[in-house]
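2 protein chains.
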Amino acid sequence: MTQLELARAGKMTDEVQRAAEAEGVEAERLRQLIAEGKAVLPANVHRERRRPCAVGQGLRTKVNANIGTSADYPDPAKELDKLAAAEQAGADTVMDLSTGGDLVAIRQAILDHAAVPVGTVPIYDAAVQAVREHGAIRAMAADAILGTVRAHAEQGVDFVTVHCGVTRAVVGTMEARGRLCGMVSRGGTFLAHWMRFHGQENPLFERFDEVLAIAREHDVTLSLGDGMRPGAIADAFDAAQVHELMVLAELAERARAAGVQVMIEGPGHVPLHQIEAQVRLQKELCKGAPFYVLGPLVTDIAPGYDHITSAIGGAIAAAAGADFLCYVTPAEHLGLPSAEQVRQGVVAARIAAHTADIAKGIPGAMERDREMSARRRRRDWAGQLELCLDPRLARALRDQARPSDDETCSMCGKFCVFKITDEDVPPQPSAQGEADGS
Amino acid sequence: MTQLELARAGKMTDEVQRAAEAEGVEAERLRQLIAEGKAVLPANVHRERRRPCAVGQGLRTKVNANIGTSADYPDPAKELDKLAAAEQAGADTVMDLSTGGDLVAIRQAILDHAAVPVGTVPIYDAAVQAVREHGAIRAMAADAILGTVRAHAEQGVDFVTVHCGVTRAVVGTMEARGRLCGMVSRGGTFLAHWMRFHGQENPLFERFDEVLAIAREHDVTLSLGDGMRPGAIADAFDAAQVHELMVLAELAERARAAGVQVMIEGPGHVPLHQIEAQVRLQKELCKGAPFYVLGPLVTDIAPGYDHITSAIGGAIAAAAGADFLCYVTPAEHLGLPSAEQVRQGVVAARIAAHTADIAKGIPGAMERDREMSARRRRRDWAGQLELCLDPRLARALRDQARPSDDETCSMCGKFCVFKITDEDVPPQPSAQGEADGS
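Residue numbers (numbering that gives the first Met the number 0), protein chains in the order written: chain A, 0 to 437; chain B, 0 to 437.
None of the hints are false.
Only pairs whose alpha carbons sit at most 27 Å apart, straight line, appear in this in silico DSS-like list of lysine-lysine:
{"no.": "1", "chain 1": "B", "residue 1": "Lys-282", "chain 2": "B", "residue 2": "Lys-359"}
{"no.": "2", "chain 1": "A", "residue 1": "Lys-359", "chain 2": "A", "residue 2": "Lys-37"}
{"no.": "3", "chain 1": "B", "residue 1": "Lys-359", "chain 2": "A", "residue 2": "Lys-359"}
{"no.": "4", "chain 1": "B", "residue 1": "Lys-37", "chain 2": "B", "residue 2": "Lys-282"}
{"no.": "5", "chain 1": "B", "residue 1": "Lys-37", "chain 2": "B", "residue 2": "Lys-10"}
{"no.": "6", "chain 1": "B", "residue 1": "Lys-10", "chain 2": "B", "residue 2": "Lys-286"}
{"no.": "7", "chain 1": "A", "residue 1": "Lys-359", "chain 2": "A", "residue 2": "Lys-282"}
{"no.": "8", "chain 1": "A", "residue 1": "Lys-359", "chain 2": "B", "residue 2": "Lys-282"}
{"no.": "9", "chain 1": "B", "residue 1": "Lys-37", "chain 2": "B", "residue 2": "Lys-286"}
{"no.": "10", "chain 1": "A", "residue 1": "Lys-37", "chain 2": "A", "residue 2": "Lys-286"}
{"no.": "11", "chain 1": "A", "residue 1": "Lys-413", "chain 2": "B", "residue 2": "Lys-77"}
{"no.": "12", "chain 1": "A", "residue 1": "Lys-77", "chain 2": "B", "residue 2": "Lys-413"}
{"no.": "13", "chain 1": "A", "residue 1": "Lys-282", "chain 2": "B", "residue 2": "Lys-359"}
{"no.": "14", "chain 1": "A", "residue 1": "Lys-37", "chain 2": "A", "residue 2": "Lys-10"}
{"no.": "15", "chain 1": "A", "residue 1": "Lys-37", "chain 2": "A", "residue 2": "Lys-282"}
Derived by calculation from the structure, the hints in this document are not laboratory data.
Start from the sequences and build out the full structure, keeping to the hints where you can.
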C-alpha cells in the first residue's frame, strides 16, 4: 500500500511520523493531509531516507535542487559534490537529471548518498538510450518509455516527473496559437518530437493506467510535468499552458483514485503580476494538489542572476500557496552549474521559501526572525552569525571589513543606533530577571 | 524657481527635457507629473548632471546606491571606486552617507565625479561634527543641524534625507508601544537621542519652514526620512511607523505648497504579505508623492544575502507602486560594502525594478524581455549575451562550463529543446521575409 492508501485507511506509518517530527507538526495532521491528497510524502518502498520530507498545504515550503551530468560533463564525482553542497545548504529533495555517462550507476550513487528524497525524469533516460542505441530520440519505443519509469521505480526513486499532459490536443493548441519560445521543457520536447514523427499519442498519457500501476506498486510519487511551461514571460498563461493544466488536473484525480500520490508542476517564466493568479488556478483546478514550481523567473533578461529572478517569483508563488520550489542556479540559461552555484541556488530558494512561510503563517517561521532580531538588538554578534541562513558566508563578509569596535559593525561603528539608544534607555533586564525581582 | 514651480507655471526646462528623453516619455507628460507632485526631478541649481533622472508615477522604477566612508574605513578613493561601480551597474542615483574622514572633501569629490543625481543625509554630518568638536552627538546645536542642510544645498546636493517626522509625539508612540528592535534609522536615532537629552522638539520638524526655504532656494528635493522604519519584520506596520507616515504626509503637503519637490521614504524590514498594503497606504496618505523604499527586506535571517531579500521585497513594492528602490548590498548588517558588493547590490535592485516595470506596464520594459527570448529561441548566443543585464558575468558563467557545440549550452548539449524543435518545424522566415514572399 502507498502512503496515500495507508493514510486513507487511518494507518500511521513510521515515514509519516518521522516527516511530521522533522516538520514540527502533529503526525495525525500530516496523515490527514496526505489522505486528502493535499500533501505528498515521496517515499519509494525500496529506499530508506535519512531526511524524509512531506510537501503540501500548511507545511513548510520545500526546496528541490536539480543535479546531474550532461553529455559535455559526464563526471559522476562532480554530481556527488553537488549533492553534498545541496544538502548542506538545506535542500529538502534533489532530482537527478543526468543525461551523460552511465545513467544507472550515477542514479544509484545519488540514491545511495542522498539523505533526502530523490526524484528523476525517466524520459531523459529513454531519450539518451534511444540516441545511444538507435541514433535518434524519436527511436524511443513506447514500451521503452514506460520501461524507464518502471526501472526508476524499481531502483528506488521517490518521485518522478512524467509529462503526461503533453497530449496531441495540447501540442495542437500550442502550435495553433503560436509562442515566442515554443516548448522549453526537455521532457515535453522529447515527447512532442516523438509524437510528431510517429503521428501517435503521448504514451505517458495514453497508457496512464500503466504509469499509475507502476507508481502504486513502488509508491513513487508522480510529479505531473508541465511540458507547456512558459520559457519566456511573454508566453506565460497562454492557451497551451492552461489547456495542459486542465489535462493534469484530470490525471491528478485519476492518480488519487488509484491510490497514487501526485503533485503538479508549474512554470517557469512568469511576470510578477500573474504569479498569484497562476497559483490560485492550479490549486482550484487540481483540488489542492501540492504545487511544485520551477522559479518562477520574473524576467528573461538576467542570465547569471536567475537564482535572484526565481527567488522573487518563488517567494510570491509560495506565499500564494505553492508548496515546493525547484531552485534555479546562477548558471541557468548559460551552462551546467558548479557545486558553488548549486549552493547559491539552494540558499536563494530557501530565502524565498522562508519568506513565503512567514507570509503563510507556517508555525516557527516568524519565530526565527524574532530571535534573530532580538540578538541583533542586543548586539549579540556571535548569536546572530550562528542563526543566519548561511553562517559561513556571513562570517566571511563580517571579516572582510572588520570594525575597530567588536560590538559594532564597520558601517556604523560608534554611530551604531543600538549603542546610542542603550546610552539613553539602558537595556531592560530579561523577563526572567524581572520575574525573579533581580 | 524650482522644477516644481517651473512645471506648475507650464515652463519646459532643459532638465525635464533631458530626463524625459532618457526615460523615453514625452517631456510634456513629465512636466505635468512634476507639477502634480507625482514625480520629482532632483536637480540642485548649483550642479550639472550628465545623467539626470526623474522619479515617480508612470516612470521607470529607479535605483539608488548608498556609498560613503565610515569612521573605520575613511578612504575617499574607495568610495569613488564604489561610485564608478554603482554607475556602471546602472544606478540611477547615489547617496553619499560618509561618516569618516573629511566629509566636505569626500562629498565634493562624489559631486564632481557622479554623472547621476547625488543625495545625502545632512544630520550625519551634524552628528560627526558634534562628536569631533564637542565629543557627543547630543552636542549638536539646532542651528548646526539646519546649517548642515544649508551647507549641503549650497554645495550642490540634489536631494537630502531629512527625518522631519521623528517628532516627540511619534517617538512617544514608539516608546509606549514597544518594539523588538526600536529605531534603526541612524538619522532618526541621532535626533531622538538629542531630543531625549534636551527635552526639545526635533528642529527639522519645528523649523520645517526654514528647511523648506533652503530647499526652495537651491531646488533641493526633500526625501522625508522614515526614522521609524522597522528594522525587524516583527516591528513592521506598527503604530510608530504609521504615526510617522501621517506626519510625513502633512509635511509633504506643506512642501508642495511651498514649491519644494518632495518624496517619502519607506521601510525597511517588512514581511511579504504586508508590502502591498504599505505602499498603498503611503500613496493614499501622501497623495501620490513618489515613494522611496529601502529594500524592503522580507526576512531578518539572511545577512550575506540581503541583496536577494531586498530584491524580493523591492520587486513587490515597486509593482505595487513604489517608484524608487534604495539598494541593499550583501554586506548589509555585517559591514561596509566593497565595490564588488556595491555592484551586486545595484544589479539585484535593477532586477527588482525591471520586474516591477513589467508588472506596472512601463513602456519598453516588456519589449526587452521579448527581444531576449526571441534571441534565445534562435540560439543567438552572442545576441543574448549582449542584451543581458550583466553581459560580463553572463559571459564568464558561459565560459566556466563551455559546451562542445557552440550552438547549445553545456546543460542540454545535443538535447537542446530548440535544436530538436527546429528539426521538426524548421524556423519560419522572418515576418519581413514573408511579406517579401521570400
